[in-house]
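Visitor: Sequences listed follow chains A and B, in order. Numbering-wise, numbering that gives the first Met the number 0 puts 407 at position 408 of the first sequence, and it's gapless, one number per residue. Numbering-wise, numbering that gives the first Met the number 0 puts 541 at position 542 of the second sequence, and it's gapless, one number per residue.
Treat the hints as calculated values from the structure; they're not laboratory data. Accuracy of the hints is not assured; some may be wrong.
Any copy will do: because identical chains look the same in the list, a pair fits if it lies in one copy or spans two.
Simulated pairs of lysine-lysine, DSS-like, Cα-Cα distance not exceeding 30 Å [stated by the list, open to error]: (1) Lys124 <-> Lys215; (2) Lys215 <-> Lys155; (3) Lys399 <-> Lys63; (4) Lys155 <-> Lys261; (5) Lys518 <-> Lys29; (6) Lys417 <-> Lys29; (7) Lys155 <-> Lys16; (8) Lys298 <-> Lys77; (9) Lys503 <-> Lys215; (10) Lys503 <-> Lys580; (11) Lys417 <-> Lys285; (12) Lys29 <-> Lys373; (13) Lys63 <-> Lys518; (14) Lys503 <-> Lys124; (15) Lys339 <-> Lys451; (16) Lys494 <-> Lys63; (17) Lys124 <-> Lys494.
These are the residues of each chain, in order.
There are 2 protein chains.
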Amino acid sequence: MYRSHTCGALRLSDENKQVTLAGWVQRLRKMGGMTFIDLRDRYGITQLVFNQEVNAALCEQANKLGREWVIQATGTVKARSNRNAHLDTGDIELIVESLNVLNPSDTPPFTIEDETDGGDDIRMKYRYLDLRRPIVRRNLELRHRMVMLVRQYLDKQQFIEVETPVLIGSTPEGARDFVVPSRMNPNEFYALPQSPQLFKQLLMVAGYDRYFQIAKCFRDEDLRADRQPEFTQIDCEMSFIEQNDVLELFEGMARYLFSEMKGVTFDQPFLRMPWSEAMKFYGSDKPDIRFDMRFVELKELTEAGLFTVFDNAPYIAGIAAKGCATYTRKQLDELTDFVKRPQVGATGMVYVRCEADGSYKSSVDKFYGQEQLKRWAEAMSAQPGDLLLILSGEAAKTRKALCELRLEMGNRLGLRDKNTFAPLWVVDFPMFEWDEETGRYFAMHHPFTSPKPEDIALLDSDPGQVRANAYDMVINGIELGGGSIRIFDSQLQAKAFEVMGFSKEQAERQFGFLMSAFKYGAPPHGGLAFGLDRFVSLFAGLDSIRDCIAFPKNNAGRDVMINAPSHIDQAQLDELYLELKQPAK
Amino acid sequence: MYRSHTCGALRLSDENKQVTLAGWVQRLRKMGGMTFIDLRDRYGITQLVFNQEVNAALCEQANKLGREWVIQATGTVKARSNRNAHLDTGDIELIVESLNVLNPSDTPPFTIEDETDGGDDIRMKYRYLDLRRPIVRRNLELRHRMVMLVRQYLDKQQFIEVETPVLIGSTPEGARDFVVPSRMNPNEFYALPQSPQLFKQLLMVAGYDRYFQIAKCFRDEDLRADRQPEFTQIDCEMSFIEQNDVLELFEGMARYLFSEMKGVTFDQPFLRMPWSEAMKFYGSDKPDIRFDMRFVELKELTEAGLFTVFDNAPYIAGIAAKGCATYTRKQLDELTDFVKRPQVGATGMVYVRCEADGSYKSSVDKFYGQEQLKRWAEAMSAQPGDLLLILSGEAAKTRKALCELRLEMGNRLGLRDKNTFAPLWVVDFPMFEWDEETGRYFAMHHPFTSPKPEDIALLDSDPGQVRANAYDMVINGIELGGGSIRIFDSQLQAKAFEVMGFSKEQAERQFGFLMSAFKYGAPPHGGLAFGLDRFVSLFAGLDSIRDCIAFPKNNAGRDVMINAPSHIDQAQLDELYLELKQPAK
Chain A
0 MYRSHTCGAL RLSDENKQVT LAGWVQRLRK MGGMTFIDLR DRYGITQLVF
50 NQEVNAALCE QANKLGREWV IQATGTVKAR SNRNAHLDTG DIELIVESLN
100 VLNPSDTPPF TIEDETDGGD DIRMKYRYLD LRRPIVRRNL ELRHRMVMLV
150 RQYLDKQQFI EVETPVLIGS TPEGARDFVV PSRMNPNEFY ALPQSPQLFK
200 QLLMVAGYDR YFQIAKCFRD EDLRADRQPE FTQIDCEMSF IEQNDVLELF
250 EGMARYLFSE MKGVTFDQPF LRMPWSEAMK FYGSDKPDIR FDMRFVELKE
300 LTEAGLFTVF DNAPYIAGIA AKGCATYTRK QLDELTDFVK RPQVGATGMV
350 YVRCEADGSY KSSVDKFYGQ EQLKRWAEAM SAQPGDLLLI LSGEAAKTRK
400 ALCELRLEMG NRLGLRDKNT FAPLWVVDFP MFEWDEETGR YFAMHHPFTS
450 PKPEDIALLD SDPGQVRANA YDMVINGIEL GGGSIRIFDS QLQAKAFEVM
500 GFSKEQAERQ FGFLMSAFKY GAPPHGGLAF GLDRFVSLFA GLDSIRDCIA
550 FPKNNAGRDV MINAPSHIDQ AQLDELYLEL KQPAK
Chain B
0 MYRSHTCGAL RLSDENKQVT LAGWVQRLRK MGGMTFIDLR DRYGITQLVF
50 NQEVNAALCE QANKLGREWV IQATGTVKAR SNRNAHLDTG DIELIVESLN
100 VLNPSDTPPF TIEDETDGGD DIRMKYRYLD LRRPIVRRNL ELRHRMVMLV
150 RQYLDKQQFI EVETPVLIGS TPEGARDFVV PSRMNPNEFY ALPQSPQLFK
200 QLLMVAGYDR YFQIAKCFRD EDLRADRQPE FTQIDCEMSF IEQNDVLELF
250 EGMARYLFSE MKGVTFDQPF LRMPWSEAMK FYGSDKPDIR FDMRFVELKE
300 LTEAGLFTVF DNAPYIAGIA AKGCATYTRK QLDELTDFVK RPQVGATGMV
350 YVRCEADGSY KSSVDKFYGQ EQLKRWAEAM SAQPGDLLLI LSGEAAKTRK
400 ALCELRLEMG NRLGLRDKNT FAPLWVVDFP MFEWDEETGR YFAMHHPFTS
450 PKPEDIALLD SDPGQVRANA YDMVINGIEL GGGSIRIFDS QLQAKAFEVM
500 GFSKEQAERQ FGFLMSAFKY GAPPHGGLAF GLDRFVSLFA GLDSIRDCIA
550 FPKNNAGRDV MINAPSHIDQ AQLDELYLEL KQPAK
């Protein structure tokens with residue numbers, strides 16, 4: 000027996016008990032003839048005490064221990080004279096009577112504390128030490144707890160978890176697949192799933208009625224801060240349902256998680272915002288509605304012939320920042336620089352200060368008089384003391400830039416508190432997106448998404464206007480998940496393929512087995528998938544999904560700890576009938 | 000709303016309610032002016048009734064429905080005059096008032112019943128229809144339920160589930176890896192994990208104390224009936240434990256599963272049988288102890304110089320089959336043929352009939368007299384009426400053959416009832432196996448398995464005799480899982496590598512990052528992994544793991560439904576810097 004208790008277990012009620020603990024040396028302090036050791040394990044920290052006068056040899060032994068050594072200590076639990084309120088075990092300490100070194104440790108390359116001196120690279124190389132830091136461990140504990148709750152909720156709702164295969168075929172339409180050469184089927188490849196989409200639809204055809212899976216998915220994309228080549232989805236599908244059934248059930252799941260994990264409840268049903276409204280008022284299909292600051296369009300209020308920039312802009316819109324009329328020249332220049340960044344993409348910014356005295360000061364003073372500026376301020380419900388920030392240009396691009404500016408102002412005004420949660424559903428997404436490059440429509444969600452019944456007629460006349468039964472759950476500007484009601488009628492599916500410019504042969508080649516399956520009694524069905532990593536990050540208050548993944552990859556797709564990917568033997572290549580080509584330098 | 004109830008929900012207490020059901024047409028019968036439809040969904044079957052006299056048009060409409068059409072029916076619940084005791088809904092039927100075809104179906108290529116007319120190939124091609132069969136669906140429901148229970152149990156024991164990566168580096172020592180070419184790191188490959196072994200040990204170094212994961216694992220092996228290229232493990236690891244802690248905790252898990260899933264309890268602790276005993280008495284490291292019929296070694300009781308076959312055999316052993324002295328010549332010939340099969344591998348079989356009158360009849364009568372045969376029978380505790388079956392030859396090979404013969408006799412005597420469960424732990428496995436081909440020792444379990452402390456001295460003198468802290472859980476002759484206590488001392492690890500003939504450089508190259516991690520305070524740890532597919536199969540009473548996997552692959556590693564693996568585009572190959580070689584014809 001290595002231990003009688005964990006390092007988080009002992010309380011005042013255990014006083015005078017003889018116990019054995021095991022764990023890691025977090026810290027060692029000598030004071031007078033005493034040595035104190037903070038002994039750490041996953042469950043907490045307990046103070047060990049050694050007294051030079053009582054047992055000099057033992058105290059000597061303790062003094063030789065180093066950080067992160069693994070030890071075992073037996074002794075008697077005593078009340079502490081000055082209790083430590085920061086520790087659950089802070090009422091007691093262990094007067095050590097015997098000590099056993101289970102394993103020494105080299106000096107770790109960085110400190111194992113919440114605030115560490117280790118940079119990103121070194122922490123990733125020694126991820127097993129980084130994972131010891133309580134802040135990282137708590138993220139993974141939270142992830143575990145959340146996944147348990149998700150499973151409980153869905154199980155209660157009669158969902159069954161079905162494992163779908165990881166070695167599948169290459170899927171068309173979407174990101175790049177990772178592929179796996181098959182040794183038994185020379186020159187053929189499996190692909191790793193980007194999502195279990197087709198399999199979950201097949202499970203609906205198979206009558207499984209309510210499916211879920213916490214599924215590992217893979218995308219061979221160039222990586223960004225919040226992307227990983229492998230990521231995890233809470234993947235769900237239901238039969239004999241309409242859109243509202245799906246939204247209600249998964250809103251229920253989100254509420255359950257918020258309540259259990261954060262003690263947060265929501266009085267109102269989640270707002271359901273049409274995509275067109277989200278774009279119009281927030282310039283984004285994932286609006287952060289923790290704060291208002293909606294876009295107000297000003298084209299009609301900007302008299303022509305005065306300011307050529309506005310004259311030439313098909314779209315002019317602004318936001319009103321509460322109480323920011325006092326912004327200095329320097330602050331306004333900062334904002335102008337912000338919107339001009341390539342990632343934001345505006346060419347300039349117009350401001351209007353709504354002064355306390357009811358007058359207006361603006362960067363376009365020489366073009367527009369007080370009356371005109373007043374009309375803008377009124378349209379934007381601005382009060383004296385507010386600041387109007389206005390962007391202009393091509394609509395889509397300007398909306399995107401104004402969205403970024405709005406979020407920046409939200410940050411500056413402290414309106415984006417990580418402990419405030421503002422959930423909504425964005426609904427009525429367009430069914431198709433026009434792709435200039437290929438000159439055809441693509442499915443905005445995926446090719447099996449169903450149109451809204453009232454828009455079916457538009458499939459022929461104006462496909463771009465067709466709205467889909469598609470929906471995203473958005474919280475605090477983060478798209479946590481999304482899905483759609485699927486097409487289950489083969490004629491409607493054929494029509495959708497036609498709009499997307501698929502020939503019958505192409506459709507058959509790419510989606511043949513699903514279309515075959517649909518001939519044998521496909522039920523009405525739909526579903527959605529949540530990004531688990533993002534969901535956990537939201538709850539953990541993290542900026543990157545990487546911090547809630549035990550062994551993440553870096554931006555080059557490498558695991559620097561195990562040094563993967565790596566070269567493989569020629570024999571292995573030969574078995575797979577593969578030859579390597581040298582990349583061009 | 001597509002339905003007010005599922006097809007398994009309605010009871011007599013719902014009589015006279017107006018309800019709407021949706022589901023698949025399982026069967027349609029016409030009797031007199033009535034039409035009866037069995038409507039099926041995941042939850043059950045409800046009988047729909049149409050009456051020609053009441054509503055001729057509606058009845059006509061019903062008569063046109065085909066098998067597996069998806070329909071929606073609204074009507075009134077009525078008590079049935081002749082209730083169907085086989086159905087949960089057998090007390091009621093639905094008098095249909097309106098009918099809506101949601102989706103027609105082509106005639107399915109086989110019948111969707113427990114007993115189907117579809118062969119293996121066609122059922123796999125149309126797996127989404129095969130999955131509709133209640134017998135298949137129940138297997139997957141059982142799998143879901145079991146996984147939920149495993150998670151509950153381990154969560155309660157403070158295990159946390161941590162997802163380890165699927166894109167890792169190639170692991171040495173073991174089966175062949177599946178590899179994944181990296182586009183971002185040209186000419187380098189990821190490998191898919193054969194198990195999360197190294198990661199779970201790193202999580203112990205990271206102080207996670209109790210880890211588990213229901214993990215997808217991959218092995219590129221030539222397939223057998225009970226092997227799949229991807230399979231699922233219940234993977235677990237614990238810190239600050241000894242072997243007994245692991246065995247007790249996971250015996251607890253097995254008991255919990257048996258109790259919850261099958262209502263089966265075990266009075267006694269699971270037997271712990273040393274590997275040497277399992278080999279001696281059952282010829283197998285996974286003995287089926289639902290029945291006794293232990294091996295009895297007879298070499299010392301077979302006087303030399305009488306029968307050259309026995310004289311030349313270093314090993315002679317037999318089993319006593321209760322009440323089989325009446326076996327006919329034909330039956331004995333069958334058994335001889337059985338043991339001579341290449342998979343069994345014996346060259347012949349000796350039998351001794353223990354006749355009711357106390358005499359003995361044997362195939363070696365001319366070599367051994369009654370007295371000698373009697374001594375054999377006594378050694379084997381055989382009674383009049385029993386049959387002795389004796390094999391001889393090289394020990395390992397003969398044990399294997401006698402093991403097969405014992406299992407065959409168990410089958411013939413009905414001693415292997417699928418609803419009887421006989422669990423045990425096989426313990427004290429040898430640490431190393433000698434490999435003739437490469438002339439070196441291999442780790443029997445894996446290279447981090449720790450030796451029994453009392454056997455450490457043998458590492459130098461007689462490595463083949465060193466027993467490991469390794470264990471398997473075996474039920475009904477199936478190895479459900481196994482594991483070991485790991486080496487956490489780097490000197491002992493170096494010694495183990497030395498025995499296995501690894502140079503320092505090789506060890507460093509293959510296990511470097513784990514050995515580095517161990518320098519920073521590795522705790523004592525150990526764990527095990529269960530084969531989930533096998534565990535589910537055992538509970539479901541299945542012969543193959545394939546039947547508890549939603550979308551299995553065939554023996555060529557193909558998914559014939561989606562036709563994977565398949566060829567990929569040249570552009571994809573180019574991006575991966577790969578060229579295909581033609582396999583030799």
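Visitor: Please go over all the hints and tell whether each is borne out by the structure.
Guide: Checked hints:
1. In the homo-oligomer, the alpha carbons of Lys124 and Lys215 lie at most 30 Å apart both inside one protomer (23 Å) and across protomers (25 Å), since each shortest distance falls under that limit.
2. For the identical chains of this complex, Lys215 and Lys155 are neighbours both inside a copy (23 Å) and across copies (25 Å), given an alpha-carbon limit of 30 Å.
3. For a Cα distance limit of 30 Å, the shortest separation of Lys399 from Lys63 qualifies neither inside one copy, at 60 Å, nor across copies, at 55 Å.
4. Taking identical chains as interchangeable, the C-alpha atoms of Lys155 and Lys261 lie at most 30 Å apart whether they share a chain (21 Å) or sit on different chains (21 Å).
5. With identical chains, the CA atoms of Lys518 and Lys29 are at most 30 Å apart between copies only, with a shortest distance of 26 Å across copies and 78 Å within one.
6. In this assembly of identical chains, Lys417 and Lys29 lie within 30 Å of each other by CA distance neither inside one copy nor across copies; the values are 40 Å within and 65 Å between.
7. In this assembly of identical chains, Lys155 and Lys16 lie within 30 Å of each other by CA distance solely across copies; the values are 26 Å between and 43 Å within a copy.
8. Taking the closest pair of Cα atoms, Lys298 and Lys77 never come within 30 Å of each other, the shortest separation being 75 Å inside a single copy and 66 Å across copies.
9. Proximity of Lys503 and Lys215 under a CA criterion of 30 Å is satisfied in neither setting, with 32 Å inside one chain copy and 36 Å between copies.
10. Taking CA atoms no more than 30 Å apart as the test, Lys503 paired with Lys580 passes in neither setting, with 36 Å inside one copy and 33 Å between copies.
11. Taking identical chains as interchangeable, the C-alpha atoms of Lys417 and Lys285 lie at most 30 Å apart only when both belong to the same chain, with a minimum of 16 Å there against 55 Å between chains.
12. Proximity of Lys29 and Lys373 under a CA criterion of 30 Å is satisfied in neither setting, with 70 Å inside one chain copy and 79 Å between copies.
13. Taking the shortest alpha-carbon separations for Lys63 and Lys518, only the inter-copy value of 17 Å comes in at or below 30 Å, while the best intra-copy value is 75 Å.
14. Proximity of Lys503 and Lys124 under a CA criterion of 30 Å is satisfied inter-copy only: 22 Å between copies versus 51 Å inside one chain copy.
15. Taking identical chains as interchangeable, the C-alpha atoms of Lys339 and Lys451 are never at most 30 Å apart, the minima being 39 Å within one chain and 68 Å between chains.
16. For the homomeric pair Lys494 and Lys63, the shortest alpha-carbon distance between copies (27 Å) is at most 30 Å, but the shortest distance inside one copy (77 Å) is not.
17. For the identical chains of this complex, Lys124 and Lys494 are inter-copy neighbours only, at 27 Å across copies versus 52 Å inside a copy, given an alpha-carbon limit of 30 Å.
In summary, the numbered hints that this structure violates are 3, 6, 8, 9, 10, 12, 15.
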